[in-house]
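Please take these sequences and the hints and turn them into a complete structure.
If you read the protein sequences in the order shown, they are chains A and B. At position 258 of the first sequence (counting the first as 1) the number is 273 in this note's numbering, and the numbers step up by one without a gap. At position 228 of the second sequence (counting the first as 1) the number is 698 in this note's numbering, and the numbers step up by one without a gap.
You can trust all of the hints, since none of them are fake.
Output of the computed footprint for chain B on chain A, the stretches with three or more beta carbons under 8 angstroms from beta carbons of chain B:
id, stretch
1, 77-88
2, 121-128
3, 131-141
Calculated directly from the structure, the hints in this document are not laboratory data. Quick reminder that beta carbons are idealized off the backbone N, C-alpha and C, glycines included.
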Amino acid sequence: MPPRPDPPKVEGMNLDEDPVVRTHDLTKRYGDRLAADRVSMTVRRGEVYGFLGPNGAGKTTTLRMILGLIRPTSGSAQVLGRPAGTAEVTERIGALIEGPGFYPYLSGRDNLRVMTRYRGLAESVADEVLGRVDLADRGGDRFKSYSLGMKQRLGVAAALMGDPDVIVLDEPTNGLDPAGMQDMRRLIVELARGGQTVLLSSHLLDEVQEICDRVGVINDGVLLNESTVKELRGAASLLVRGEPVERALAVAMGVAGDDAVHLDGERLMVDLGPDRAPELVRRLVAAEVSVLEVRSVERTLEEVFFEMTRGDHAGGQQRYDGHDEKVEAVR
Amino acid sequence: MSTTTTPSTPTATGAVAGTIASTRAELLRLRRWPAVWITIGAWMALTTLFGYLFNYLSYKTGDTSFSNEGETSQKMLAELLPGYIPHVFIQGMPMFGGALMMLLGAIVAGNSYGWGTWKTVLTQGPARRSVFAGSLAALSVFVVATVLATVVWCFGLSLFVVVTESQTLVWPSWVDLAESTGVGILVMEMFALIGYLLGTLTRSPALSVGLGLVWVLVVENLLRGVGELLGPVEAFTKLLPGTGAGSLVGSIVGAGGPDPTPGVLDALSGGQAIIVVVAYLVLTPVLTGWLVTRRDVA
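See below:
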């Protein structure tokens with residue numbers, strides 16, 4: 016990734032050090048239900064932050080509080096060093112929150128022209144952002160005639176207007192076809208490369224794994240974890256199949272330690288990085304173990320997510336069939 | 471509780487700039503909204519039909535309708551000429567014009583909840599108060615323009631009668647015309663603001679329009695009927711918007727008689743009526759503004 020450009024200047028804030036978004040014990044209660052329960056999250060400048068959680072986990076509620084659309088029951092949120100929801104903050108944020116909301120009788124272009132007026136921007140900005148989301152050709156069509164994917168792209172276009180410091184996108188790939196999803200991910204990465212901070216809410220784990228620098232996992236209103244994608248997925252391990260299994264198990268425990276080897280049917284999961292694979296294979300061969308398979312496997316974000324939110328949901332055979340596996344050695 | 475996540479209190483300069491920006495934006499979207507023009511068109515059509523066309527046909531054919539029963543031919547003709555415009559263009563406002571302006575206010579506020587456009591607008595920059603003030607300002611521009619367009623339209627119609635009936639052109643008193651225009655703006659604006667309040671309260675165009683129309687066209691009339699029997703109810707009805715609007719218009723065009731214009735009343739004096747109408751003009755935006763700035767936007 017190319018180096019980030021110089022940070023934008025915001026009065027009273029050191030954007031190099033101060034987080035762009037910081038919430039402290041942010042809580043929203045609807046009757047007996049806690050939609051957000053003491054959520055304390057931090058989004059750093061220039062990163063793509065993935066806000067991850069199943070439907071109804073509290074993602075949108077938290078984002079709405081960050082945008083000042085709803086008041087927290089308790090706790091606080093600061094954006095760009097100021098209380099969330101203040102005019103000087105909202106004018107520096109672009110947001111698509113819980114689906115695009117536009118006037119159905121207006122064209123896509125006119126909808127954006129209305130929003131440029133609210134933002135105090137030149138109306139030509141509407142055409143610029145329509146081009147960025149590949150809607151320039153359909154900008155003259157009425158919003159109500161748009162497909163779900165086109166509506167979603169128009170929502171993202173509105174969020175991009177005026178090059179805001181922070182862009183909040185709530186499920187931006189909803190309704191997009193695979194090509195549209197790929198384009199949207201590319202756009203988000205470009206935004207981050209341009210120095211803009213992106214706060215992305217999604218339940219599409221592959222999407223988050225692919226484009227996010229850091230992730231906050233939320234479930235039942237509680238922020239369960241906040242870290243980099245790499246930290247969340249943890250270290251890679253080795254999958255080993257060898258016969259006889261008992262001897263292979265003993266050798267693997269001798270190399271990695273007793274607690275670092277787990278038997279899964281006929282397979283061994285060994286907590287060793289791929290760099291230790293040659294050593295393990297040499298020891299297995301020396302012990303006259305027939306090595307049928309050795310490969311490095313990494314947990315996908317999906318597996319980590321399910322472990323956090325529902326326990327070992329993916330379990331068993333499927334658990335190690337993630338698409339990140341790399342074959343290191345065979346037989 | 472600590473709530474630093476709150477709608478903003480803008481600086482005076484920022485508030486003015488935000489209000490101007492919001493007004494421009496809202497004017498653009500209202501100007502392109504067919505529902506706005508249909509509503510205004512319906513009012514112009516009603517004014518044309520009941521103010522001029524039916525009376526003109528009656529005059530020409532010698533027949534009478536409910537709107538001119540008992541009138542002499544010469545009186546019917548006089549009411550169609552320019553001198554009578556200050557009366558004609560406002561007499562339908564307490565009921566039909568008001569109902570349509572209430573509908574307009576209700577859909578301007580209520581539809582934006584249904585379409586989710588408030589959440590889009592409120593993440594654009596201007597503070598909620600500025601957005602709200604801009605929305606009301608744009609609505610008011612359309613209300614005032616509607617009243618002025620009604621005056622001009624009525625002039626056109628009456629001039630047509632002058633020409634076709636070979637009458638002498640006698641202009642109305644400009645003082646009377648200005649007074650009627652002012653009253654018309656107050657009455658129509660009051661109903662539009664009440665509609666806006668209903669649209670904000672219910673967050674729904676359908677419910678707010680339904681409630682508003684039932685209230686204006688049915689409930690107030692029923693209450694006034696009950697008020698003739700019960701003193702406390704009668705006192706209450708004098709505080710209602712329809713009573714204020716009807717009495718204010720009635721103070722100009724006259725009320726009562728064997729065939730009164732629907733909605734035109736003499737329950738209050740002109741002075742009392744204007745106090746009631748102005749009270750609604752002040753209180754409804756205050757209450758709406760309080761709701762808009764305090765409530766969550768779903």
